[in-house]
Amino acid sequence: MPDPLIVDLSRLQFALTAMYHFLFVPLTLGLSILIAMMETVYVMTGRPIWREMTKFWGLLFGINFALGVATGITMEFQFGMNWAFYSHYVGDVFGAPLAIEGLMAFFLEATFVGLFFFGWDRMGARQHLAVTWLMALGTNFSALWILIANGWMQNPVGAVFNPDTMRMEVTDFMAVMFNPVAQAKFVHTVSAGYVTGAVFVLAVSAWYMVKGRHIALAQRSFVIASAFGVASTLSVLVLGDESGYAVTDHQKMKLAAMEAMWHTEEAPASFTLIGIPDQEAQETRFAIHIPWVMGIIGTRSLDTEIKGIVELVDDAEARVRTGLIAYEALETFKADRSDMQARERFIEYREDLGYAQLLKQFTEDPLLADDEMIRQAAWSTVPSVPAAFFSFRFMVAAGGILLILFVLAFFYTTQEAAPPNWLLKASILAFPVPWVAMELGWFLAEFGRQPWVIEGVLPTFMAASNLTVSDILITIVGFTVVYGVLAIIEVQLMLAAISKGPGIVDELDDLVPGLGENRPDTPVAAPAE
Amino acid sequence: MEFLFDYGTLRVIWWALLGVLLIGFAVTDGFDMGAAALLPLVGRTDEERRVVINTVGPVWEGNQVWFILGGGAIFAAWPALYALSFSGFYLAMFLVLFFLILRPVAFKYRSKRTGEKWRRNWDVALMLSGLVPPVIFGVAVGNALLGVPFTFDGDLRPDYQGGLFGLLNPPAIFCGVVSLAMLAAHGAAWLHLKADDVVAERARSIGTKAALAAAALFAFGGVFTAAGWLGGYELTSTADFTGPSHPIGKTVEAASGGWFQNYREAPILLGVPLLGIAGLALSAVGFRARAKTLTLLASGVGVAMVIATVGVSMFPFLLPSTVDPSHSLMVFDASSSRNTLRNMLIATVLFLPLILGYTAWAYRIMRGQVTVASISEADHAY
Numbered sequence: 001m002p003d004p005l006i007v008d009l010s011r012l013q014f015a016l017t018a019m020y021h022f023l024f025v026p027l028t029l030g031l032s033i034l035i036a037m038m039e040t041v042y043v044m045t046g047r048p049i050w051r052e053m054t055k056f057w058g059l060l061f062g063i064n065f066a067l068g069v070a071t072g073i074t075m076e077f078q079f080g081m082n083w084a085f086y087s088h089y090v091g092d093v094f095g096a097p098l099a100i101e102g103l104m105a106f107f108l109e110a111t112f113v114g115l116f117f118f119g120w121d122r123m124g125a126r127q128h129l130a131v132t133w134l135m136a137l138g139t140n141f142s143a144l145w146i147l148i149a150n151g152w153m154q155n156p157v158g159a160v161f162n163p164d165t166m167r168m169e170v171t172d173f174m175a176v177m178f179n180p181v182a183q184a185k186f187v188h189t190v191s192a193g194y195v196t197g198a199v200f201v202l203a204v205s206a207w208y209m210v211k212g213r214h215i216a217l218a219q220r221s222f223v224i225a226s227a228f229g230v231a232s233t234l235s236v237l238v239l240g241d242e243s244g245y246a247v248t249d250h251q252k253m254k255l256a257a258m259e260a261m262w263h264t265e266e267a268p269a270s271f272t273l274i275g276i277p278d279q280e281a282q283e284t285r286f287a288i289h290i291p292w293v294m295g296i297i298g299t300r301s302l303d304t305e306i307k308g309i310v311e312l313v314d315d316a317e318a319r320v321r322t323g324l325i326a327y328e329a330l331e332t333f334k335a336d337r338s339d340m341q342a343r344e345r346f347i348e349y350r351e352d353l354g355y356a357q358l359l360k361q362f363t364e365d366p367l368l369a370d371d372e373m374i375r376q377a378a379w380s381t382v383p384s385v386p387a388a389f390f391s392f393r394f395m396v397a398a399g400g401i402l403l404i405l406f407v408l409a410f411f412y413t414t415q416e417a418a419p420p421n422w423l424l425k426a427s428i429l430a431f432p433v434p435w436v437a438m439e440l441g442w443f444l445a446e447f448g449r450q451p452w453v454i455e456g457v458l459p460t461f462m463a464a465s466n467l468t469v470s471d472i473l474i475t476i477v478g479f480t481v482v483y484g485v486l487a488i489i490e491v492q493l494m495l496a497a498i499s500k501g502p503g504i505v506d507e508l509d510d511l512v513p514g515l516g517e518n519r520p521d522t523p524v525a526a527p528a529e
Numbered sequence: 530m531e532f533l534f535d536y537g538t539l540r541v542i543w544w545a546l547l548g549v550l551l552i553g554f555a556v557t558d559g560f561d562m563g564a565a566a567l568l569p570l571v572g573r574t575d576e577e578r579r580v581v582i583n584t585v586g587p588v589w590e591g592n593q594v595w596f597i598l599g600g601g602a603i604f605a606a607w608p609a610l611y612a613l614s615f616s617g618f619y620l621a622m623f624l625v626l627f628f629l630i631l632r633p634v635a636f637k638y639r640s641k642r643t644g645e646k647w648r649r650n651w652d653v654a655l656m657l658s659g660l661v662p663p664v665i666f667g668v669a670v671g672n673a674l675l676g677v678p679f680t681f682d683g684d685l686r687p688d689y690q691g692g693l694f695g696l697l698n699p700p701a702i703f704c705g706v707v708s709l710a711m712l713a714a715h716g717a718a719w720l721h722l723k724a725d726d727v728v729a730e731r732a733r734s735i736g737t738k739a740a741l742a743a744a745a746l747f748a749f750g751g752v753f754t755a756a757g758w759l760g761g762y763e764l765t766s767t768a769d770f771t772g773p774s775h776p777i778g779k780t781v782e783a784a785s786g787g788w789f790q791n792y793r794e795a796p797i798l799l800g801v802p803l804l805g806i807a808g809l810a811l812s813a814v815g816f817r818a819r820a821k822t823l824t825l826l827a828s829g830v831g832v833a834m835v836i837a838t839v840g841v842s843m844f845p846f847l848l849p850s851t852v853d854p855s856h857s858l859m860v861f862d863a864s865s866s867r868n869t870l871r872n873m874l875i876a877t878v879l880f881l882p883l884i885l886g887y888t889a890w891a892y893r894i895m896r897g898q899v900t901v902a903s904i905s906e907a908d909h910a911y
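Read top to bottom, the protein sequences are chains Z and A.
Our numbering applies: residue 1 is where the first sequence begins, and numbers increase by one.
Our numbering applies: residue 530 is where the second sequence begins, and numbers increase by one.
No wet-lab data here; the hints were simulated from the structure.
Among the hints, a few may not be true.
[Unchecked claim] Facing chain A, from chain Z, some residues (calculated, C-beta under 7 angstroms):
{"#": "1", "residue": "M104"}
{"#": "2", "residue": "F107"}
{"#": "3", "residue": "Q183"}
{"#": "4", "residue": "L486"}
{"#": "5", "residue": "A487"}
[As the list claims (entries may be wrong)] List time: in silico EDC-like cross-link candidates among lysine to aspartate or glutamate, alpha-carbon distance up to 20 angstroms:
{"#": "6", "chain 1": "Z", "residue 1": "K334", "chain 2": "A", "residue 2": "D684"}
{"#": "7", "chain 1": "Z", "residue 1": "K334", "chain 2": "A", "residue 2": "D682"}
{"#": "8", "chain 1": "A", "residue 1": "K646", "chain 2": "Z", "residue 2": "E490"}
{"#": "9", "chain 1": "Z", "residue 1": "K360", "chain 2": "A", "residue 2": "D688"}
{"#": "10", "chain 1": "Z", "residue 1": "K334", "chain 2": "A", "residue 2": "D688"}
{"#": "11", "chain 1": "Z", "residue 1": "K360", "chain 2": "A", "residue 2": "D684"}
{"#": "12", "chain 1": "A", "residue 1": "K641", "chain 2": "A", "residue 2": "D688"}
{"#": "13", "chain 1": "A", "residue 1": "K779", "chain 2": "Z", "residue 2": "D336"}
{"#": "14", "chain 1": "A", "residue 1": "K779", "chain 2": "Z", "residue 2": "E439"}
{"#": "15", "chain 1": "Z", "residue 1": "K360", "chain 2": "Z", "residue 2": "D370"}
{"#": "16", "chain 1": "A", "residue 1": "K641", "chain 2": "Z", "residue 2": "E490"}
{"#": "17", "chain 1": "Z", "residue 1": "K360", "chain 2": "A", "residue 2": "D682"}
Keep in mind the model is a prediction, meaning the values are calculated, not measured.
Just so it is clear, CB atoms sit at the ideal spot from N, CA and C, and this is done for glycine as well.
Please put together the full structure from these sequences, using the hints given.
Pasting the structure below:
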């Protein structure tokens, strides 16, 4: 068993590097589609301003993309570096989506991103458009396979523990691919990336409009971003990944934790709008309930019950007890690999092996565990309720704010008059909101899965490598310094590129009448003849 | 086709595919790392350095995917090897990561500002990111040949008992030097083909020396290996290629000259290292004759065969253990399940031809020399 400090430090490092990586990924996802859409308009209409828009947003895309690529490599290496037992234990299942991601997505993305930037003068407009779409497709495929891998950590379908090799092995790869949790997560995450791209374009365009600069580019970008933003925000909210929460015991536990639902309620359950969950007392203070809503969101029905935390702990306790049968049989088989009876006994109960391993937090030999320890192990399946409760609420609130913003922005783009100044300023202020929402979402998904690294299969505390504390401290400090310096440089370059603006675009195209004219404090660019 | 899906066959196919991926990485990303390592030597002015950077600008990103895919494929097909080597070589891996993180950023950001200090700093970063990883990869291969100190417990939890400095032994450092010389020659061959006159001439002069050095050092490596200086192990029980992947239970002994066993059994395999020497030597000749495409092809073959030599010499070993050789990772006991190997093979057969197709197309689109003039005219250049 690895030292608990090693586990905590490895988790800290994973959280730092993953959350940092995810500052760049969603913008890559969203901007790649947006610039592909802009270039499509260029190819369809032949108007040069759309080409310049593609190039300008493409430049910002490139600054962001470099860091997304750089920090992504860390993620793939880290499983082996810090989570060696995890890699051995589930590599047979978890490794394949990562490898297929390389085959199907990274090559596409990386090859065509080079041609996107360097190929403008070397191919026809349609060919270049195809290049841009293939690059966008590559980034989206990449998200698909990563979420298939992550979805399997939340809902490990299509695999069983093989006592001959002492690890999880795939039995049904189709089930892994079409895992409902993975599919829900993919739609949710990719849509959130689109929202991020839309907010980015909306905010930068609004800033130009407030300043009265690059109006032709800003105004068109504002229109595209607001329309795309409405659609993708609706997709994030409606196709939220809650639909995957009814599937397994621990997904139910996560759902109960984020709702701070201590006890099973009669269907359809009420939704706790806000309150202060108290994990010790197992109650939520100052709670405001809305009847029926939770049942409908969580189960998409009026008569399916949602289980509360206390009842789910009882279920977990039963699984710890059957898990012990599997554990005992596996130990017997390990000692004598010709004992086929033990092997069969193990196979009968192997689904619950992971639950018995939860006991290793309390005793070296789970077979010596007493009732008290079994009870403790069952309770250890409850993640931090306040953390899940609040991160979920702030995430949803952020989504709601963005939806209102996009609807208003979209409404004003259909009007004769220019969008009012307050709306432009609100758009600028909204800039960080999607990032906050997404980091909270990942926190909820991963922290809410604890104590499991693979739900119901492998507890996190078993999964780390045999490293030394100084090894991990060196890399944590190293990553923090490199990532910190790169973040400063990235933001500086991004701001410089934004404040420099697209350059020649202003003279390129006609200006839509009305825009900028109603704001006497801002100069209006002269329309070209 | 059923024979393809036999467990033993699948394992050997995936052993070969691992080689293909590593060769793909070394041949493609190898030239852009080599070119970056030579940056201060071949580019004396800012414009010349931009020429160097822009020769690889459009393609390095795709090249690097070979590496990422290599990592993914080891994870998927050889999970025990992935778990053990990545955690065992922890700090060395971090160093590789450090430079691989710096590299994309250096490419993209270097020419976004004009300040001399800004560009000089990024040039140093680029140079180091082309210099250090090839050395580390070479050192890692050296240690794989020598064996590394690890065992597994009954749960197959890997336990690596060495540190960073244990990796830095003379034979392994020797392999690091071979690797650097080889990729520097390959990078020079790329610049010789793609860069402007001045840069190409400097690359030619360095490339000739590097190619000869790489060929000579690699040949010496063979002699050293025969003498047992680069390790050697022998499987003394029978190999069950269709058995479960459980790396405890066989018997293995350290055997001086063990890495020559396969050549003794099938002398035709000697063609692989000989082609490695011949490729590198031919590229030196190509540099002299200014036969640009031939030089690059020859150094590519050289690089590929040097890597293949390691695999052929060690088969069926993947990673021997020094502290308990019977825990060594073998082709037949460290792979994924038959299902996973089969699924991954199907995915590879579907996607690899596509990848090769559009990669070739991308290189064709970006064909032609990069010159100082072409950069200043270009709409987008690093």
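Practice problem: Please name the hints from earlier in the document that this structure breaks, with their numbers sorted from lowest to highest. | Solution: Result: hints 3, 5, 12, 14 break, sorted rising.
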